[in-house]
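Chemist: Residue numbers (our numbering), protein chains in the order written: chain A, 1 to 232; chain B, 1 to 576.
Bear in mind the hints are in silico, worked out from the structure with no lab data behind them. Since no wrong hints were added, every one of them can be taken at face value.
Label-pair restraints from in silico Cβ distances:
| no. | chain 1 | residue 1 | chain 2 | residue 2 | range |
| --- | --- | --- | --- | --- | --- |
| 1 | B | Glu63 | A | Leu228 | 53 to 59 Å |
| 2 | B | Arg272 | A | Arg225 | 54 to 60 Å |
| 3 | B | Pro315 | A | Leu232 | 38 to 44 Å |
| 4 | B | Asp80 | A | Gln182 | 36 to 42 Å |
| 5 | A | Asp108 | B | Lys495 | 20 to 26 Å |
| 6 | B | Pro315 | A | Asn67 | 28 to 34 Å |
Beyond 12 Å from chain A on every Cβ pair, some chain B residues (computed):
| no. | residue |
| --- | --- |
| 7 | Asn29 |
| 8 | Glu58 |
| 9 | Pro341 |
| 10 | Pro424 |
| 11 | Asn426 |
| 12 | Arg483 |
| 13 | Leu522 |
| 14 | Ala523 |
| 15 | Ser534 |
| 16 | Asp535 |
| 17 | Ser554 |
| 18 | Gly555 |
| 19 | Val564 |
Being a predicted model, the structure only gives us computed values, none of them experimental. Glycine included, each C-beta is placed from N, C-alpha and C at the ideal position.
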Amino acid sequence: MKSTMRIKRFDPENDVKPSFRDYDVECDPNDRVLDALNQVKWFQDGTLTYRRSCAHGICGSDAMRINGRNRLACQVLMKEVGKKVTIEPLLGYEVIKDLIIDMDKFFDAYKSVKPYLIANDPPASHERLQSPADRDRFDDTTKCILCAACTTACPITWTNDQFVGPAAIVNAHRFIFDSRDQGSGERLQILNQQSGVWRCRTIFNCTDACPRDIEVTKAIEEVKRALLVEAL
Amino acid sequence: MAIHKFDAVIVGAGGAGLMAAIQMAGKANVAVVSKLYPPRSHTGAAQGGIGAALGNTEEDHWEWHMFDTVKGGDYIVDQDAAEILAREAIDSVIELEHMGLPFNRTPEGKIDQRRFGGHTRNYGEGPVKRACFAADRTGHMIIQTLYQQGIKNNVQFFDEHFLLDVIFADNGECCGCVTWEIKTGEIHVLHAKAVLIATGGFGRVFRITSNAMAGTGDGVAIPYRRGIPVMDMEFYQFHPTGLYRLGILLSEAARGEGGILRNGNGEAFAERYAPTLKDLAPRDMVSRFIFQEVKEGRGVDGKDYVHLDLTHLDPAVIDAKLPDVTDFARTYLGVEPKSQPVPIQPTAHYAMGGLPTDVDARVIRDEQGTVIPGFYSAGESACVSVHGANRLGTNSLVDLVVFGRRAGRHMLDFVNREDFPELPRNPDALARAELESVLSNRGSESAAEVRARMQDIMMDNVSVVRDEDGLIAARDEIQSLKRTYQHVSVRDPGKVFNTDLMETLELGYMLDCAESIVEGALARQESRGAHYRSDFEKRDDVNWLAHTMVSKTSGGLQIRKKPVKITVFEPKERTY
Numbered sequence: 001m002k003s004t005m006r007i008k009r010f011d012p013e014n015d016v017k018p019s020f021r022d023y024d025v026e027c028d029p030n031d032r033v034l035d036a037l038n039q040v041k042w043f044q045d046g047t048l049t050y051r052r053s054c055a056h057g058i059c060g061s062d063a064m065r066i067n068g069r070n071r072l073a074c075q076v077l078m079k080e081v082g083k084k085v086t087i088e089p090l091l092g093y094e095v096i097k098d099l100i101i102d103m104d105k106f107f108d109a110y111k112s113v114k115p116y117l118i119a120n121d122p123p124a125s126h127e128r129l130q131s132p133a134d135r136d137r138f139d140d141t142t143k144c145i146l147c148a149a150c151t152t153a154c155p156i157t158w159t160n161d162q163f164v165g166p167a168a169i170v171n172a173h174r175f176i177f178d179s180r181d182q183g184s185g186e187r188l189q190i191l192n193q194q195s196g197v198w199r200c201r202t203i204f205n206c207t208d209a210c211p212r213d214i215e216v217t218k219a220i221e222e223v224k225r226a227l228l229v230e231a232l
Numbered sequence: 001m002a003i004h005k006f007d008a009v010i011v012g013a014g015g016a017g018l019m020a021a022i023q024m025a026g027k028a029n030v031a032v033v034s035k036l037y038p039p040r041s042h043t044g045a046a047q048g049g050i051g052a053a054l055g056n057t058e059e060d061h062w063e064w065h066m067f068d069t070v071k072g073g074d075y076i077v078d079q080d081a082a083e084i085l086a087r088e089a090i091d092s093v094i095e096l097e098h099m100g101l102p103f104n105r106t107p108e109g110k111i112d113q114r115r116f117g118g119h120t121r122n123y124g125e126g127p128v129k130r131a132c133f134a135a136d137r138t139g140h141m142i143i144q145t146l147y148q149q150g151i152k153n154n155v156q157f158f159d160e161h162f163l164l165d166v167i168f169a170d171n172g173e174c175c176g177c178v179t180w181e182i183k184t185g186e187i188h189v190l191h192a193k194a195v196l197i198a199t200g201g202f203g204r205v206f207r208i209t210s211n212a213m214a215g216t217g218d219g220v221a222i223p224y225r226r227g228i229p230v231m232d233m234e235f236y237q238f239h240p241t242g243l244y245r246l247g248i249l250l251s252e253a254a255r256g257e258g259g260i261l262r263n264g265n266g267e268a269f270a271e272r273y274a275p276t277l278k279d280l281a282p283r284d285m286v287s288r289f290i291f292q293e294v295k296e297g298r299g300v301d302g303k304d305y306v307h308l309d310l311t312h313l314d315p316a317v318i319d320a321k322l323p324d325v326t327d328f329a330r331t332y333l334g335v336e337p338k339s340q341p342v343p344i345q346p347t348a349h350y351a352m353g354g355l356p357t358d359v360d361a362r363v364i365r366d367e368q369g370t371v372i373p374g375f376y377s378a379g380e381s382a383c384v385s386v387h388g389a390n391r392l393g394t395n396s397l398v399d400l401v402v403f404g405r406r407a408g409r410h411m412l413d414f415v416n417r418e419d420f421p422e423l424p425r426n427p428d429a430l431a432r433a434e435l436e437s438v439l440s441n442r443g444s445e446s447a448a449e450v451r452a453r454m455q456d457i458m459m460d461n462v463s464v465v466r467d468e469d470g471l472i473a474a475r476d477e478i479q480s481l482k483r484t485y486q487h488v489s490v491r492d493p494g495k496v497f498n499t500d501l502m503e504t505l506e507l508g509y510m511l512d513c514a515e516s517i518v519e520g521a522l523a524r525q526e527s528r529g530a531h532y533r534s535d536f537e538k539r540d541d542v543n544w545l546a547h548t549m550v551s552k553t554s555g556g557l558q559i560r561k562k563p564v565k566i567t568v569f570e571p572k573e574r575t576y
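Chain B extracted, bound-state conformation (with noise of 0.2 Å):
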């Protein structure tokens, strides 16, 4: 076992952990775990666009871009994290481009911004141009700046390096983490004043995502184990346009330069359900849109997918604006969009909870906002809570890059403050008698088998549309799951890139996080955002205008409510 000491441990090096490590880096020691190489991390998987109210296109002012956030989550959103987020939006994008970021441009060679879903001038009156882009690959220019600058700035990385455990002291604060090196095998104990969690989301949960491989949870759950609430786990988003049966995103800057989505009959049929914004509806809605039609006979040919029409599009704004995900149709499923129409379905995308934090960043442990002393979570693995029960699309990475700043400026101020706390007797314990309980499964059962049922439930009972019966069939089925996880034999034996072992530890994350979302989900008995009861079809704002939280406790899981801050929206009925 080897022992390392730093100030500050960032777990995850997506864009929010990335982030965070640049605001520390050469002021304070810090270190920076993945599990991958950082510029393999999923924000590199992020297309349309970064939402900031610049106003180069139209006039946009940050007050609408927090007002559409607050309304697209469903007034569910915590409105001092929201006008943070719309307002640090603005110069968190100008800081990307001053470390390099290749926007594209207007012609006089500012940051170009195009339309995307949910974002609206004056308050929702209609579509505005505020997602700031790099053709498709936003995303990409993101992780691939950050990484740059992390290089620049001379941050330690632990490339490949699994998360075991957190490690907290008897008095609740964190004092480190557990990791294990992939290529060895090796036992590695991070004594730390400070840990980030930016490990992202978990959307391999479900059967259907655009979510990468190792999109597992890891970050989220192992908290949830030590007794740390997960918030408004129910809320996770569906993005409309997957590409049928693989899940690959579509991105929905496809229907931001004119895309229209249309059913087996060839209807246009989002300005049925959405006169004003149409194919540009938040997310949420547009999935139900596409699983109404489905269910209702009109999917094409019958079956549960409608098209994504770019035909009609100028192909050169296809070439110059489109080229990934186009490239995508072609790859995939043999279609060009420039003439035929692309089969999609909605897929699992984001999740909107995770574990809930205040605007600093910093985890708390209960509904009143008590802090947990040098524990942090940004960007998905978080929950602020920004997006409520609906993520706008760009969202996503205005608060990886807005959250995980102020988390790297809060943990540098706050690490440059504390002493060391001290280490338990053996940090490694948990994480040792994890490792050797999964080792010494002897069972039949494989974890191949186990993670498609967790898959195949949570995507028939815990997807769109939910209702009870299906909840308690799932509840019943994760548990049942996690009962076999105890038989799953791991089937190499070696120490070395034993991905084998760490694929079974993931799904033991993963049943964790769907064992939390089904909970919040069988709790929550209102329809809002994402989470769609067929059985309680209202917005419930008497009893429900309030955020979940989930915890594990030694007499089972525990649910509780959180009140919403509420600054200057009063929540309204939601149309578009």
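Next comes chain A alone, as it looks inside the complex (with noise of 0.2 Å):
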């Protein structure tokens, strides 16, 4: 099939603001939309800039607006995006170039939240027990691959450079409700002040977002109800 990719450029060492450029390409109904980036890249346009890595939705580089939506380019399809596909960088975070945004405030915000489990005296020569509903309890958010998408569809990250966003707030989750961790405390607080759970008003977009299919909003409000609960 021929279609036209209609990619958002910016080339920082030259350009004073983003345009479009379009490019024509032949592929298969279904080849990724990575693949035909990475045709314009090698067969046309070099310059043309972008993140990518593992080309099957795991490793989370590929992150970007497709017709509009949060998407990894790699797990879309031509068929499914038709014969004209508009791409923009995602939105919230500055352009370098291209595709590529500044990650550095993403993963600062996944940081604040102390992603790591945080518990003490682990058995010395065994692992630790739980039990496989425990482990149910958090599998959702165990699948994050911290590729942006729900954070920069979120439209309160866009106005509010302070709020965590969801990314970080599921990888909280993703601990508080590990019946293994004995670091809640801390997290709660964390998701409590201003730039907390609290900014959230349920739009609904990361969800939408989410490559892994993660129910994020679901997530947050969990988030919001252990801090209710602690409260009482």
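Make one complex out of these two single chains by using the hints.
Modeler: Here it is, written out as structure tokens:
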């Protein structure tokens, strides 16, 4: 099939502001959008710049706006997006070049919620026990690949750069609801602040954007509820 | 140019690199360099499990794991290293659990385990449940857990820094590395007492691969260019079940849970070749079974693929234990694995070869095992050798946690003992020369076309089945492509995020990896593990019970043999 890729370009060394450029590609309907981008980069315009690595939705490198929705370019097939595809960088963070955004703030927010197991005195010679039900309790939020699709889909993060954003909350949730963790108090305190979960207005953009089908909004609601229970 | 000073620099932020970094964090000044963000590393794509003889669901012993590893590697595994792998797998997995890794659990709350190819009870009697797993996202959980621990322990990360060179002093010791900051184009010199190469594999030298686009062998090619040997490069694993045409991995766990391979006639053909383990025979064998079926006209619709049949599995098991891989089949092939067979073909998956190391991850420069002071490698970039001629499923994750950990511990001791080596006067000279040479090429050749030609010849002539004529043709083509590479022009002139330049440099690295793979494959006139020569169909223990070491010398490529360490298990015929 023939497709026109309408790509938002920005070269920080030459451009004052971004502009769109069109590229025609001949591709198989089952090609990924990433394949089409590669085709442009490799055979038409070597300056086109984007992140990518695993090419099958696991590493989280190639989140971008595809026809207005945050998706992974390696997870969307050309036949799904049609003959005209508009590709833009994720919203809410500074654009470094073309489809590359500055991820520093995203990772800073992630790090701020203590995204690691806090547990003292594990048994020395064997694993901690955890029932399958306790393990299931936080299964959904273990799937996060830190692609930033959710956080950059959230209108609150677009306007409030203090908000930690959905991805950080998802990763806090992953530990708050892990029966082995003893750091929930610290994390909940962080998320109870100005920058925390109460900024969320339950818009559900994050859930729609997640390429791993994590119920992001539900996770945020569960953290809010945990805070309310703690307050009582 | 910026100059930094660290006790140790770790290049690569996958499982091996992070595991090493965590050992040293807080006890030495350590930096981790990655051309990606750490959680994007390819460890995260590992699916099925990490092998360890915990015996949580049935009897198991590390000695059985060691035996399976040696036999799986077709007896060219160094058995002292295999013993360490199998023994230390157990507390490495426990350590991962203590770090927070969310393993699946048994009803009693222990780490759950399942079957995997080539892992057996009582020295080959039948399959054993040894693979500890977190659904089919075990690698994802490992990379996330280790990154989390890196953050917790304040490890200093140099994200999106691309490796240009490893610096060696005149006396041969390693004294740091040179990186190129992708975001700014700036050159950094990282002066260090020790450098660990943990950059993973180079599956991208082949057309059909499960490897990430970042898998270009940077950390292997650079020392090779500096005269350091690479070992056993001819042993390259093709995983039997890649999604047709895409090569995306469909975990062996699918067969561990009961999936069956079927040819175009619907026949479950694996039992014809491996009556005991059937579909769970080791990967090199199953890939050859598929190759043979296709060759004899029993591919599906006469094409070059077969089916993986999961339709008889309980749909609840598929959802609980194989959610991601079945999603890949739906997303990329439009196939519903609960009701339809999945088209699969062998896919380039794992390099058993790499930088030769001792059991403490120290890189060695010759067949006597002479250590290069301060230079380490662990994980897929290294060859200890624990995988020999064919790696067993789950053992890559075992390798990177066990030997990443040993690397970190040994480096910690080393940097606390040693002073900083002196940097050469122009530590970045070679790196700058390389960059300038690539940037000044004004030819009409494109990196993409050279890369595609390399991937084609490697796939067609150097994959599951090889012979002398094909290998000589491949050697000629790779040398011709290396000349063409001198005329590839970089089309992006910018400094900021120049991924055109990055891909061109990566192609240069891959051509060197390809060269050494072909050289090893030509030299090894026998069939062993993943290296199958149709002109030498038998294993030859008289002449080839040895590792190959390929190195660049002023007189061209040199190939030498290194003896295999045999401690317990005498080589036997390998049947399953």
